[in-house]
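**Student:** Chain by chain, the residues run as shown.
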Amino acid sequence: MDTVYFIAQQTMYFAIPLLIVALGGMFSERSGIINIALEGIMVMGAFISISFINIFQDSMSGQQLLILAVLVAGLTGGLFSLLHAFASIKLKADQTISGTALNLFAPAFAIFVARMVQGVQQIQFKDTFHISKVPFLGDIPLIGPILFQNSYITTYIGIGIAIMSWVIINHTRFGLRLRACGEHPQAADSVGINVYKIRYAGVIISGVLAGIGGLVFVVPTSTNFNASVAGYGFLALAVLIFGQWRTKRIFIAAFFFGIMKTFAAAYSGIPFLKDLPISNEVYKMIPYIATLVVLTFSSKNSQAPRAEGIPYDKGSR
Amino acid sequence: MKKRHSLQDLRGTTSFFASFMAIVVGLLFGLLILLVSNREQAFPAFLTILVGGFADGTKGIGQELYYAIPIIMTGLSVGFAFKTGLFNIGASGQFTCGAFAAIYIGIKCAFLPAGIHWLVALLGAMAAGAIWGMGPGILKAFANVNEVITSIMMNYIGIYLVNMTIVKTIYDPLKNQTKPVASSAIIPKAGLDKLFNSNNLNIGIIIAVLMVIVIYILLHKTTFGYELKSCGQNKAASKYAGINEKKTIVLSMMIAGGLAGLGGGLLYLSGSGKYLQVLDVLAPEGFSGISVALLGMSHPIGILFAGLFIAHITVGGFNIQLYSFVPEVIDMIIAAIIYCGAFALLFKNLINKNKKHVVDDKVVNKEETNVKEEV
Chain A
1 MDTVYFIAQQ TMYFAIPLLI VALGGMFSER SGIINIALEG IMVMGAFISI SFINIFQDSM
61 SGQQLLILAV LVAGLTGGLF SLLHAFASIK LKADQTISGT ALNLFAPAFA IFVARMVQGV
121 QQIQFKDTFH ISKVPFLGDI PLIGPILFQN SYITTYIGIG IAIMSWVIIN HTRFGLRLRA
181 CGEHPQAADS VGINVYKIRY AGVIISGVLA GIGGLVFVVP TSTNFNASVA GYGFLALAVL
241 IFGQWRTKRI FIAAFFFGIM KTFAAAYSGI PFLKDLPISN EVYKMIPYIA TLVVLTFSSK
301 NSQAPRAEGI PYDKGSR
Chain B
318 MKKRHSLQDL RGTTSFFASF MAIVVGLLFG LLILLVSNRE QAFPAFLTIL VGGFADGTKG
378 IGQELYYAIP IIMTGLSVGF AFKTGLFNIG ASGQFTCGAF AAIYIGIKCA FLPAGIHWLV
438 ALLGAMAAGA IWGMGPGILK AFANVNEVIT SIMMNYIGIY LVNMTIVKTI YDPLKNQTKP
498 VASSAIIPKA GLDKLFNSNN LNIGIIIAVL MVIVIYILLH KTTFGYELKS CGQNKAASKY
558 AGINEKKTIV LSMMIAGGLA GLGGGLLYLS GSGKYLQVLD VLAPEGFSGI SVALLGMSHP
618 IGILFAGLFI AHITVGGFNI QLYSFVPEVI DMIIAAIIYC GAFALLFKNL INKNKKHVVD
678 DKVVNKEETN VKEEV
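Sequences listed follow chains A and B, in order. Note that this note's numbering gives residue 127 to position 127 of the first sequence, counting from 1, and the numbers run on in steps of one. Note that this note's numbering gives residue 658 to position 341 of the second sequence, counting from 1, and the numbers run on in steps of one.
Mixed in with the good hints, there may be bad ones.
[Stated by the list, open to error] Pairs of lysine-lysine, DSSO-like flavour, derived with a Cα cap of 30 Å:
1) K546(B) with K564(B)
2) K133(A) with K274(A)
3) K274(A) with K485(B)
4) K90(A) with K552(B)
5) K248(A) with K133(A)
6) K92(A) with K552(B)
7) K425(B) with K506(B)
8) K300(A) with K556(B)
9) K591(B) with K511(B)
10) K552(B) with K300(A)
11) K300(A) with K546(B)
12) K506(B) with K591(B)
13) K511(B) with K496(B)
14) K563(B) with K300(A)
15) K556(B) with K92(A)
16) K546(B) with K314(A)
17) K197(A) with K92(A)
18) K538(B) with K564(B)
19) K92(A) with K314(A)
20) K376(B) with K496(B)
21) K563(B) with K552(B)
22) K425(B) with K496(B)
23) K564(B) with K300(A)
24) K496(B) with K506(B)
25) K274(A) with K492(B)
26) K546(B) with K92(A)
27) K425(B) with K492(B)
28) K546(B) with K90(A)
29) K552(B) with K564(B)
30) K591(B) with K485(B)
31) K492(B) with K376(B)
32) K425(B) with K485(B)
33) K376(B) with K591(B)
34) K552(B) with K314(A)
35) K314(A) with K197(A)
36) K248(A) with K300(A)
37) K506(B) with K376(B)
For the record, the hints were derived by calculation from the structure and aren't laboratory data.
Working from the sequences, and respecting the hints, build out all of it.
**Tutor:** Set out below in structure tokens:
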């Protein structure tokens, strides 16, 4: 049973950042803007917020500092994504190109600033955020060890974001408008919706979430930030497509990938996997192969937003 | 006919002008970053970037060409796929697979005669890259899976597979890298090393330029190239016109993969002391290829010059460490250039607006009268 708990706790570390970032991608893509810059925004969010932790960790610690850092990461991500929004909405540029530019810029910026300021590119931080057991909740049998032991507050933030996203996109006026802009912007415009504003909102929300996702990825898995989020932004894109741009399916997809990733990263701690005569590299490959296979069978009826990637031009017919 | 020609010329010059503007803005952005971080050293450092490899005479130019070879190849790969409407973000995995195949043949097939060995190894690199590119192509054509995602997955699968196979077959455990290849597998230098006074340079640069020409001819002078481009422009219309769009997509990804794979072979068989290491890191050359393709506007000749330009400022980036700057400033400049390149449409429209103003007015007037009649 301990093994099951171990796998569940580890899965959270991998699945939650993917979930948050993929949901971010959903807001952008369902408003009609492809956001391939998620990776870069994650790096930027993680960089600024980890630097924030690094600077303030002497005067603050624990959950208070982490929550402030999450806010900083979200703010950074939102501001950085404005660059993408400006290029792809206002200037009607190719959305892949400006996204690629952001992806290229973020790690270079992080390395440059870190090395100019402190000499080395790794930014260290003390992990004072780990929760070994949540009071009361951690004692519940079964659910306690899975959800409320060995966790980080970011896990609950992530699940909160998922629930909020589901409500916003499916059950609010804003969500309906956002979806309309991604499916048929001309129709949305004809009933008085400002397509540009909605798309800006979509991209900014995706930036905020991707920024938070960057921090959430780094905190549980490391004690320093090395200008990289290990391709998680791209994986989040895969999760988004795997999840067919729908909140619930993204949730399932993120946890599917998270579990696969856990097997890859922690198989030596799982007795029955450790005994199998399989090379370490095979485990690392499994998440990607599994995603490929699942995508192959689920993509025939793609539910991608209709107007995704097409700049909206008010004058065109 | 003549009129059409002049129109095309106009389009060519405006694209060139737009790229040029983007480069200028990107470089100015770089200067700004240098000024912010260290005002006194900024201008000498900026000059160093501009001068690039030219600072070291022929040796520096040789070094630039050596850097340019792999990124021209991955740039061609990405640019070629762009032409067919596909975003090959998987050049990195194809590059690594190609590099591995080349090294494997270079070590294991030492029985081949000296003049042929390196050629076989390069062909092997191309084939391995093509196979790696074929996967996303087939999935895109037959199962409608987004090629961006599959390419990303293939990047990771490729790097882990290559690492696993290296460890099992051609591993040097002391250095955590591959064993050295047989000397007959090293690409011949043909006097280029003496000409440029650089040991790293070989006829790889000639092969790269040849591939640029081949791809140019393929895209612009053959029926197949026309089919590729038309699939990129409008898949449904191409299908209607009788083009087998599934075959076209698969072939396009295979060619793109082959180009990236060849790039890997060219780099790791250059005899410059570079070995394929067993690290879980995606090859950066694949991602530089995206920058090169975007800067070169996906045109083969444009990609050649874009690759040379990026290699040029990359060498400059190494040199600015003399002024205690970090070479990553180059990546920021390239990012800024690409970001500005995204505005190419805006630049072009501005230019065209001035030129076409008279014509447009006439068209608009005509349309207005039409509308009135309809009403």
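**Student:** Please go over all the hints and tell whether each is borne out by the structure.
**Tutor:** To see whether the hints hold, each was checked on the structure:
About 13 Å separates the Cα atoms of K546(B) and K564(B), which keeps this hinted pair within 30 Å; it holds. For the hint linking K133(A) to K274(A), the alpha-carbon distance of about 28 Å falls within 30 Å, and the restraint holds. Only pairs whose Cα atoms come within 30 Å are accepted, and K274(A) paired with K485(B) is accepted, the gap being roughly 20 Å. Proximity of K90(A) to K552(B) is assessed by CA-CA distance (about 28 Å); at most 30 Å being required, the pair is judged to hold.
Annotation: proposed proximity of K248(A) to K133(A) holds, straight-line Cα distance about 28 Å (limit 30 Å). A threshold of 30 Å between alpha carbons decides the hint, and for K92(A) with K552(B) the separation of about 22 Å falls inside it, so the pair holds. Note on K425(B) and K506(B): the hinted pairing holds, with a Cα-Cα distance of about 22 Å set against a maximum of 30 Å. A C-alpha spacing of about 18 Å is found between K300(A) and K556(B), which places the hinted pair at or below 30 Å, so the restraint holds.
Restraint check for K591(B) and K511(B): satisfied, since their Cα atoms lie roughly 20 Å apart, inside the 30 Å limit. As the CA atoms of K552(B) and K300(A) are separated by approximately 17 Å, the hinted pair is consistent with the 30 Å bound. This hinted pair checks out: K300(A) and K546(B) have alpha carbons roughly 24 Å apart, not beyond 30 Å. For the hint pairing K506(B) with K591(B), the CA-to-CA distance comes to about 16 Å; that is within 30 Å, so the pair holds.
Between K511(B) and K496(B) the CA atoms are separated by roughly 27 Å; this keeps the pair inside 30 Å, and the hint holds. Between K563(B) and K300(A), the direct Cα distance comes to roughly 14 Å. Compliance with the 30 Å bound is thereby established for this hinted pair. With a C-alpha separation of about 28 Å, the suggested pair K556(B) and K92(A) falls inside the 30 Å cut-off, and the hint holds. Only pairs whose Cα atoms come within 30 Å are accepted, and K546(B) paired with K314(A) is accepted, the gap being roughly 28 Å.
Using a Cα cut-off of 30 Å, the hinted pair K197(A) and K92(A) holds, with the two alpha carbons roughly 14 Å apart. For the suggested pair K538(B) and K564(B), the alpha carbons sit about 19 Å apart, so the restraint of at most 30 Å is met. Only pairs whose Cα atoms come within 30 Å are accepted, and K92(A) paired with K314(A) is accepted, the gap being roughly 11 Å. Note on K376(B) and K496(B): the hinted pairing holds, with a Cα-Cα distance of about 28 Å set against a maximum of 30 Å.
Between the alpha carbons of K563(B) and K552(B) the distance comes to roughly 10 Å, so the proposed pair stays at or under 30 Å and holds. With a C-alpha separation of about 11 Å, the suggested pair K425(B) and K496(B) falls inside the 30 Å cut-off, and the hint holds. A C-alpha spacing of about 18 Å is found between K564(B) and K300(A), which places the hinted pair at or below 30 Å, so the restraint holds. A C-alpha spacing of about 21 Å is found between K496(B) and K506(B), which places the hinted pair at or below 30 Å, so the restraint holds.
Annotation: proposed proximity of K274(A) to K492(B) holds, straight-line Cα distance about 27 Å (limit 30 Å). Straight-line distance between C-alpha atoms of K546(B) and K92(A) comes to about 23 Å, which keeps the hinted pair within the 30 Å bound. For the given pair, K425(B) sits about 19 Å from K492(B) by alpha-carbon distance, which is consistent with the 30 Å threshold. Taking the CA atoms of K546(B) and K90(A), the gap is near 28 Å; set against the 30 Å cutoff, the hint holds.
Between the alpha carbons of K552(B) and K564(B) the distance comes to roughly 12 Å, so the proposed pair stays at or under 30 Å and holds. Only pairs whose Cα atoms come within 30 Å are accepted, and K591(B) paired with K485(B) is accepted, the gap being roughly 20 Å. This hinted pair checks out: K492(B) and K376(B) have alpha carbons roughly 29 Å apart, not beyond 30 Å. In summary, the hint linking K425(B) to K485(B) is supported, as the alpha carbons are separated by about 13 Å, within the 30 Å threshold.
For the suggested pair K376(B) and K591(B), the alpha carbons sit about 18 Å apart, so the restraint of at most 30 Å is met. Taking the CA atoms of K552(B) and K314(A), the gap is near 25 Å; set against the 30 Å cutoff, the hint holds. Only pairs whose Cα atoms come within 30 Å are accepted, and K314(A) paired with K197(A) is accepted, the gap being roughly 13 Å. For the suggested pair K248(A) and K300(A), the alpha carbons sit about 19 Å apart, so the restraint of at most 30 Å is met.
Proposed proximity of K506(B) and K376(B) is supported: the alpha carbons are some 15 Å apart, at most 30 Å.
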